[in-house]
Each structure stands twice: as C-alpha cells, then as structure tokens.
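Engineer: So the chains spell out like this:
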Amino acid sequence: MTTLTAPPKTASPPVRPRTSPRAGAWKRRIPLLPALIFTIIVTQLPFVATLVISTLQWNILKPGERHFVGLSNFKFVFTDERLRTAVLNTVVLTASVVLISVVLGLGLAMLLDRRFLGRGLARTMLIAPFLVMPVAAALLWKHAIYNPDYGLLNGTLNAVWRLFGAANGPTVDWVSSYPMPAVVISLVWQWTPFMMLILLAGLQAQPGDVLEAARMDGASALQTFRHITLPHLRQYIELGVLLGTIYVVQTFDAVYTITQGGPGSQTTNLPYEIYLTMFRKYEYGQAAAAGVVVVLGSIVIATFALRTIASLFREEVSR
Amino acid sequence: MRTRRTIRLLATATAAGSLLVACSGAGGSSSSGGGGKSINVLMVGNPQMEDIAKLTKSTFTKDTGIKVNFTVLPENELRDKVTQDIATQAGQYDVATIGAYEVPIWTKNGWLHELGSYADKDTAFDKADLLKPMVQSLSGADGKLYALPFYGESSMLMYNKDVMKAKGVTVPEHPTWQQVADIAAKVDGAEPGMRGICLRGLAGWGELGAPLTSVVNTFGGTWFTKDWKAQVDSPAFRKATNFYVDLVKKHGEAGAAQSGFTECLNAMSQKKVAMWYDATSAAGSLEDPASSKIAGHVGYAYAPTVQTKSSGWLWAWAWAMPKTTKNADAAAKFMLWASSKKYENLVGDKLGWARVPSGKRASTYAIPQYQKAAGSFGDITLKSIEGADPANPGTQPRPTVGVQYVAIPEFQDLGTKVTQEISAAIAGKTSVDKALNDGQKLAADVAKNYQK
Numbered sequence: 077m078t079t080l081t082a083p084p085k086t087a088s089p090p091v092r093p094r095t096s097p098r099a100g101a102w103k104r105r106i107p108l109l110p111a112l113i114f115t116i117i118v119t120q121l122p123f124v125a126t127l128v129i130s131t132l133q134w135n136i137l138k139p140g141e142r143h144f145v146g147l148s149n150f151k152f153v154f155t156d157e158r159l160r161t162a163v164l165n166t167v168v169l170t171a172s173v174v175l176i177s178v179v180l181g182l183g184l185a186m187l188l189d190r191r192f193l194g195r196g197l198a199r200t201m202l203i204a205p206f207l208v209m210p211v212a213a214a215l216l217w218k219h220a221i222y223n224p225d226y227g228l229l230n231g232t233l234n235a236v237w238r239l240f241g242a243a244n245g246p247t248v249d250w251v252s253s254y255p256m257p258a259v260v261i262s263l264v265w266q267w268t269p270f271m272m273l274i275l276l277a278g279l280q281a282q283p284g285d286v287l288e289a290a291r292m293d294g295a296s297a298l299q300t301f302r303h304i305t306l307p308h309l310r311q312y313i314e315l316g317v318l319l320g321t322i323y324v325v326q327t328f329d330a331v332y333t334i335t336q337g338g339p340g341s342q343t344t345n346l347p348y349e350i351y352l353t354m355f356r357k358y359e360y361g362q363a364a365a366a367g368v369v370v371v372l373g374s375i376v377i378a379t380f381a382l383r384t385i386a387s388l389f390r391e392e393v394s395r
Numbered sequence: 024m025r026t027r028r029t030i031r032l033l034a035t036a037t038a039a040g041s042l043l044v045a046c047s048g049a050g051g052s053s054s055s056g057g058g059g060k061s062i063n064v065l066m067v068g069n070p071q072m073e074d075i076a077k078l079t080k081s082t083f084t085k086d087t088g089i090k091v092n093f094t095v096l097p098e099n100e101l102r103d104k105v106t107q108d109i110a111t112q113a114g115q116y117d118v119a120t121i122g123a124y125e126v127p128i129w130t131k132n133g134w135l136h137e138l139g140s141y142a143d144k145d146t147a148f149d150k151a152d153l154l155k156p157m158v159q160s161l162s163g164a165d166g167k168l169y170a171l172p173f174y175g176e177s178s179m180l181m182y183n184k185d186v187m188k189a190k191g192v193t194v195p196e197h198p199t200w201q202q203v204a205d206i207a208a209k210v211d212g213a214e215p216g217m218r219g220i221c222l223r224g225l226a227g228w229g230e231l232g233a234p235l236t237s238v239v240n241t242f243g244g245t246w247f248t249k250d251w252k253a254q255v256d257s258p259a260f261r262k263a264t265n266f267y268v269d270l271v272k273k274h275g276e277a278g279a280a281q282s283g284f285t286e287c288l289n290a291m292s293q294k295k296v297a298m299w300y301d302a303t304s305a306a307g308s309l310e311d312p313a314s315s316k317i318a319g320h321v322g323y324a325y326a327p328t329v330q331t332k333s334s335g336w337l338w339a340w341a342w343a344m345p346k347t348t349k350n351a352d353a354a355a356k357f358m359l360w361a362s363s364k365k366y367e368n369l370v371g372d373k374l375g376w377a378r379v380p381s382g383k384r385a386s387t388y389a390i391p392q393y394q395k396a397a398g399s400f401g402d403i404t405l406k407s408i409e410g411a412d413p414a415n416p417g418t419q420p421r422p423t424v425g426v427q428y429v430a431i432p433e434f435q436d437l438g439t440k441v442t443q444e445i446s447a448a449i450a451g452k453t454s455v456d457k458a459l460n461d462g463q464k465l466a467a468d469v470a471k472n473y474q475k
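Residue numbers (the numbering used here), protein chains in the order written: chain A, 77 to 395; chain B, 24 to 475.
Hint data in this document are derived by calculation from the structure and do not stem from the laboratory. Being a predicted model, the structure only gives us computed values, none of them experimental. All C-beta atoms in this analysis are idealised placements derived from N, C-alpha and C, irrespective of residue type, glycine included. Nothing false has been slipped in among the hints.
Heads up, incomplete: computed chain B residues facing chain A, CB under 8 Å, no partners named:
hint, residue
1, I128
2, P215
3, G216
4, L225
5, G278
6, A280
7, Q281
8, K295
9, Q435
10, T439
11, Q443
12, E444
13, A450
14, K452
Taking the hints into account, I'd like the entire structure generated from these sequences.
Structural biologist: Below, the structure written as structure tokens:
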C-alpha cells in the first residue's frame, strides 16, 4: 500500500520521501478516527468500568457503604460454593449441548448432502429452530412440551396408556425430575441446525474427484467417511464446536425460563448466577468480578476459535 | 404477590405500546387547565394499573391540567428499573409503584418523600379510612407515611365447592393446617388427574417464600429473632417446612417445584386441584367465567392456622414519590387522586365494580354495588387484611415489620436462595433438613450485618 502512494517524483526534496508516506497514511486515517474512538468508547470503556467496579464493595441498596476492597470480590468468586457449582453446571451444560448437537448436526448434514425430492424444504424446516428467539423457544419447551398437566410429552404418554385401556398415563414431572437433561435437550434442539449448516457447508466443499477416486478404488461408504470425509470435516467440526461453545456458555434464557436455575442450584449456570447476584443481591462488585472471570474464560476459548478460522482460510488459499 | 406476571406479559407489552400512542396525543389541550405540568409515573403492569392509565386523561388531566406519562412494566422488570433509578438518584420518575417490602428499606436510605402531611391536608382523601395494617406496612421507622396504598391483599384458602360436596367434606371457615392436610388427602383424585391442593413450590422470595413464611409464622417459627439470631434451623421452622413440603409432595399439584402463582391459578381454574392457598387478589380471576372453569363454584376460607389467631399475609401496591422529583405537588395530587374514594367510584361506574382497586379502605366494603360484585370473597378479604399484624405476625417478636418477608435488603437474595433449596426438596432432589441447614448458614451471615 505505502509504496503505491509514495510520490513518483522522489527526486525534488531530499527530506520528503521519508515522512510523506506516514503523513499520508495518517491523513487518510483522520476521517476514520471518530469511528475508531467511538468503537473504543462503546466496547472498551464498559469493560474498564466493570474492572473498576469489581474492586469495590458496592451494594446499591446500601448507599454510603461503597468502598474499595481490592481483589476480595475475586477471592469470593473463586471460593464461593454456589459459584463453583455454577461453573461446573456451565461446563456440563455447554459440553453436552455442543457435543450432542454436533453429532446430530453431522447426521442431518450427511442426509441433506444427498439429492432428494423436497431437499430445499427439508433444509428450511430443519433450520427453523435456530431462528426462533431463545425466550420463545424456552417458553415453548417449558409449557407446550414439558408441562406435566398439558404438555406434549405427558399428553402422548396418556394417549398411549389409554390405547391399552388405562384411564391415565403416569404423570412425569420432567423439569423437576430431569432438570439438566430438560435444559440440554431444548438447547440441542436450537443448536443442532447451526452445527448442521456449518457441516453441510463443509460436506459440499468436498472435492468430488477424491470421492470418485475412492469409489473406484473399492472403498466402502464407511471407509470413505472415516478416511476422507471426516478428516476433511475436522476443521469445520472444530469451528462449530468453538463457536457453539462461545454462545452456549452464555445461555440465560433457557435456564431462566425453564428451571429458574433449580431445583436447588442444579441448573444454575454462570450467567444466571451473575443475574441473581446483580438483581436479587444487588452486589455489583461481586457480579462484576464474576463477569470479568467469565470474559477472561471466553477470551481463551475465542482465541482458539479465531485460530481455527484462520487455519481454515489458510487452507482455502493454499488450495 | 407475583401477580399473574407471565399471563400479563403480552398484555402489558401491548398496553405499554398503546399508552405511548395515547400519551403523545394528550399534550396540547390539557395545558390550559392549570400550570400545564407533566409528571412521569412508573408502574407495575397489573390490571388495576392498566385501568388507571386508561382513565387518567379524561378525568384527572382534564380537571387539574397535569399531564401524566405512564411507563408500565412487568413486576420483575419494574423492581429492577425502579431500584436502579432511585438508588442511583437518576430522578427520571416523579411517582413509582412499590410494594410493602421496599418502603421501610428505602425510607431508611432516605430515598422517599414523606406523604402523610399531603394526605392530612386533603380532607376529601380521608386518611383515617385507610386500613390500619396498610398504613403500618407503608410507614417508615419514624411512624410517618411514605407511600399511599393503591390496592392491598392478604391470603386465604380457596376451594372447589362441587368437589367438597361430592366427597361430603365441609371446609371450616377458620381451618387449621392439619384440617387442610386431611381434606387434601380426602379429595386427592376426586376427579381423574385432580390433586388435593395447590401450594407454590417455585423458588423465589416472592413465590414459594410468601406462602411458606406465612406457614412458618403460624407454626411458631421466624427467620430471625428480635436480636437478630438466625432461626432457619429452629424446631418450629423445621416443623413448618416439613409439613409444607410433605403436603405438596403427597397431595400437591403436578410439577409442584415449578409452580408459582400463575401455575396454581391455572391449575385451580382448570380443575386440576381441589384447593388453593394463595393471595386474596386471585379471587377476581377465579370468578371470571372467561378464563375460569369454576367461576361461581369457589368457596373461600381464612388462611389456615396452627398457633396464631390469623395467618394471612399482607401486601400492598402503593404510590411512592422519590426524593429526586421536581414536581412534588403535582405528583402528590396524582397519588391522592389515585388512592381516593372518588377514584374507586369512578372505576366502579365506568369499568365495573369487580375491578375496583380494593383492599385499602374500609369504606370500599360498605359500597352496596361492590358488596354485590365481590359477595363471596369481599368479606374474607377485608377481615384477612384487618387481621394481619405486620409488626407481630407470629408468636414471637420480630426485628422488622412485615408478614411474609423480612424487610431488609438482603432478604431478596436470602429468600431466593433458601427457597431454591426447599424447592429442590419438593422435587425430591434434596432433604428439608439439608436445605434448612444450608439456609441457616446463609441467614447467619446476613444476621451478622445487624447484630450489635
């Protein structure tokens, strides 16, 4: 870039060529500066404010007692039993949602990769759950499916039982009996389409000649999948896992709506625990400290995600 | 307390939308009346509030020239917003609806304007007519009135009369909890899929926390003693919680650990349960034929007791004025009007007598039209509110005023966490003993802030 903009007639003044590329570059950047400053203000200042708040003892219901406490909020975050449970729940929730939806997504993507009548329609319908708003999806699962009185699951059980002459099927209280699976399943329903889309893109980028060669060499479908398709999909799977992880770690709607973090704190994940600290306890310092810890954790995951994306592009370019 | 939050979320959103339109049109003509002031009111999205939003422009604004801009939010969002606004002294609102729980805490922080003197000056307001427990729960530690009640509620036992008749059971007017448990056992399964009783099991200081605390009170328990010793693991608290959890587990509604006010209202009105112990304000919905299958077939009894004479809780939605307001006089005028007898009559005439914001004035219950509209439950509601003693709701002295909560800022968190554990016990995921032992630790931590 800079070589292009360097004045062609470099001969005239001896000092000019050294400074002008930099000055020229800045001249071009000046109109962009307001946007840059604005971006810094809206993205970085809140985080700096959060960092500052995380060092304060600050309960907004007790005005006049706000004071600096150093790192003791962080000590609280790392030693509080409830937060430890929340971290564990977050890991369990995220890992199971991401893994299950990758496996299901892969299966669906393989099916959609074949040509069949109505493929476009099937694809659109399969994507639909991902487009439903998280709160609406959570309400749907809580009321229309899990509800012990009028939910679809118990309704089906009742209908089956009635087929065999019983008056009523068993009343299973799904959300209370299986809280974590209940949340996980509703999230898997939402995230499978996302994984499916990414993996479908990967499958369709598969070079046809390689597959054809494999077929000519007499490889079975399973062998082709194991030795050619799966290695090819590896980076797409990594990308799906990492992006999915970043989003699923932040799950709030499903937990808030379906279980309210319960029973007890069996489904309380970090975002919900932070919400409780902020809006039930009104301990801004503790909530900010927990938020900072979550951000740092997310940055670590995001770094891996970015690295994967970068390697994906490198491969595309080298091809 | 959590008044029909979920059901009304949609309605509220629509109402808020239409309000914005309504308000923007209200500007021009009204300013000619007197001064042309305008005030901002933040309120919870319950039906009584939606009614006043509809009636204000054509009456209050027309008479006084004060323009009122309403913001309507569901309960949880309201709490978040109003707390932030007032705590940070943002001063966006001149009037806000708050509950009986907030008044003593906020008064102590010096966030609210004293309102008793405004009420005394307005002779037509008739402050003496306000029910005593309401005045008591809306007063600060200095005895002055800091919020004006808009409507109030207590708690009572509601039951399906047809089921009781079919099973040959008579529900006493003043039942004990043991009698209620026996009846629940008898009527459990009276119809296919019907359970004996609905009791809230959903975690939350304002959900499970409210009925459970009223049961703890009458069993002789308390959260804290007068000198701030935590009592969550005391024998009386244990006995009450075990009783409550056992009753719900044996004869309670399906999905009890996820059932709050809304879910119980639904279960009761769809004939999934035979009895329900909850807020007196639920009666209006149960008697509405449009949404309830048992309208006209509901019997009412006083809140069940064990050791105390009464055990109904006490709640009020009330108007408060943040200290930051610059329109104190106009705001006071609005609040006095909204809590007045005149306004109750206006609602009765224009919208129907069942919709009157009741439970705050003795005179409401003497209006013949109201008596007719609220015949089956009006009397029990009034007597339950009058019978509640917020300063002394149990068998031992308390450190704070309030029946079904402890009026300290930490209680929202403490109550939520302890009820989470008890809700888990209802779901069979933990034991009541473990829940209360953990709760005791949390309560003891809170108590440390107050012990001298």
